[in-house]
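J.: Chains as they are written, first to last, in the working numbering: chain B, 1 to 251; chain E, 252 to 494.
To give an idea of the chain B side of the interface with chain E (calculated C-beta under 10 Å), a few residues:
1) Ser8
2) Ser12
3) Leu15
4) Ala30
5) Val35
6) Gly43
7) Met45
8) Lys47
9) Pro123
10) Ala125
11) Ile126
Listed next, the in silico DSS-like pairs over lysine-lysine satisfying Cα-Cα at most 25 Å (straight line):
12) E:Lys365 with B:Lys47
13) E:Lys421 with B:Lys47
14) E:Lys353 with E:Lys293
15) E:Lys421 with E:Lys365
These are calculated hints, taken from the structure and not from any lab test. Source: prediction; values computed, not measured. We put the CB at the ideal spot given by N, CA and C, even for glycine.
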Amino acid sequence: MRPLARISEYLSVALGRYSYGMALAALAAAAVSGVMSLSDAVGQMVKTPGATPRPAIEAGLMFSHLAFGMVSMSMAGLLAGELASEALFHLSLPVRREEYALAWLLTAVWVPLVLEIVSPAVPLAILDPRLITGIAVGPMVLRAAEDSLMFSTILWSALLKRKGVVTAYGLTAVLFLPAIVGLVLAITGVIWGAPPAALRLIFYILPATTGTMMGGLAQVSDGAALIVCGSLAIVSQLGLVFWFRNRLEVS
Amino acid sequence: MLRPAGVLLICLALGGLISLSLSSRFSSIYVGPVDTIVESVKVEEGRWVVMAASVEFEVPSMEGVGFLVQVRANSMEVFPNPPTPVGTPTPPLITPAPIPTKFESATLYILDDKVGRAIGLPWTAGAPTTVLNIAREVPHLAANSAGLQAPDWSRGEYLEGEISIPGEGKWYLVFVGEVTVDQPIPGSGINQTVECFVDAEIAARVHPELGQYLRTAYLAGVGVLLIALDWIRRKGVAPSAPS
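Starting from the given sequences, assemble the full structure and let the hints guide the process.
T.: What follows is the structure in structure tokens.
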């Protein structure tokens, strides 16, 4: 059996356990994010000299991020459970550790990430396919880079083999982090007028979240934020594969 | 993998349909403001015409979406301006009490960009002196028009209305209102000005049409097809029951 076929085989097993949950999340994201995305996308298409530039589909993506953050957390919870009990069984089958890691990266990071972006875009495509090519893609790319990093860190937490830890970290990262970041930025803004240099790193690590909250006030180049956040995501995911290959111990 | 993918496609189609249905139930989607320049002209004793013209705005062609301009104007008030005696120090600024006006009519017009430019729009350097002539010509040139209901200004009501934009392209909005004053106005040597603010906003309304329903059905149909393929594949793989 070829590596790709082995990954695909295991992927279908891993995804199969939560496929209907993903479908439900997609339905919710398409329905709710779609409403927000439609209004933003329609607004972007009208040109008036007096109109202020509107965000792309940031608000829609935020809800989609919450829905698929929960999905990613659930998938990472499954991995934690599997590592604590039956991973040895799967790894005794003709599947290599790297392939096992890649299958889980696809399951808990890349499939939710793709659906997170696609779900708000489907209502736009149904309304008028030209809307898809007309909207600004910058915020989508930043959101994808940030969540590829965030979801992979949730997968890292699964290595502790405790579902409770995954749930606590996942909820913090997906639900509470935007609120915490917003609060910290607001407090530092009130005290010092602008966030201190060390805290400005957060604009590069969480470009989509801080961009949604602060808009143009973040004053960070999208390209620089994408490079920093994207590099961290790649390092995090490659690190995960190497950890599975060299350091992982299963029960 | 086929069945989950099929279910996913059906869910996405259903979610898309729900979002379109929710969007169409909203009264309108706010798009953005349009700047207007307002000018008032005294036609004869006790009768004023107020005209507002917008900057140029451009709307795209979009399936299932209709664009409109929503307009809101406050009461048109006539203010007497006592003449300033020459050679005397500027008197302290006292805001004169407005003279109540009676609403006569108000109409919104949508003009395409060529017609608008032909009559001197946009008013980048302020309104021209030929405002009254423009107000007379506009009804014959407009691509669309809509009359506004009389407001009760004594109760603080705004003059509100909307007009649909005929289609794709560049357009101007023109507002023409007329008021009269019932009571006698202070005598000669006193100017009057009319004050009125006209705010205009572009909005959109979603009306799903056949095209949207067909696209939803297509997406859901592909999902059903994937589920059917999965069912056929499973049936083919499953061992037949012993006879």
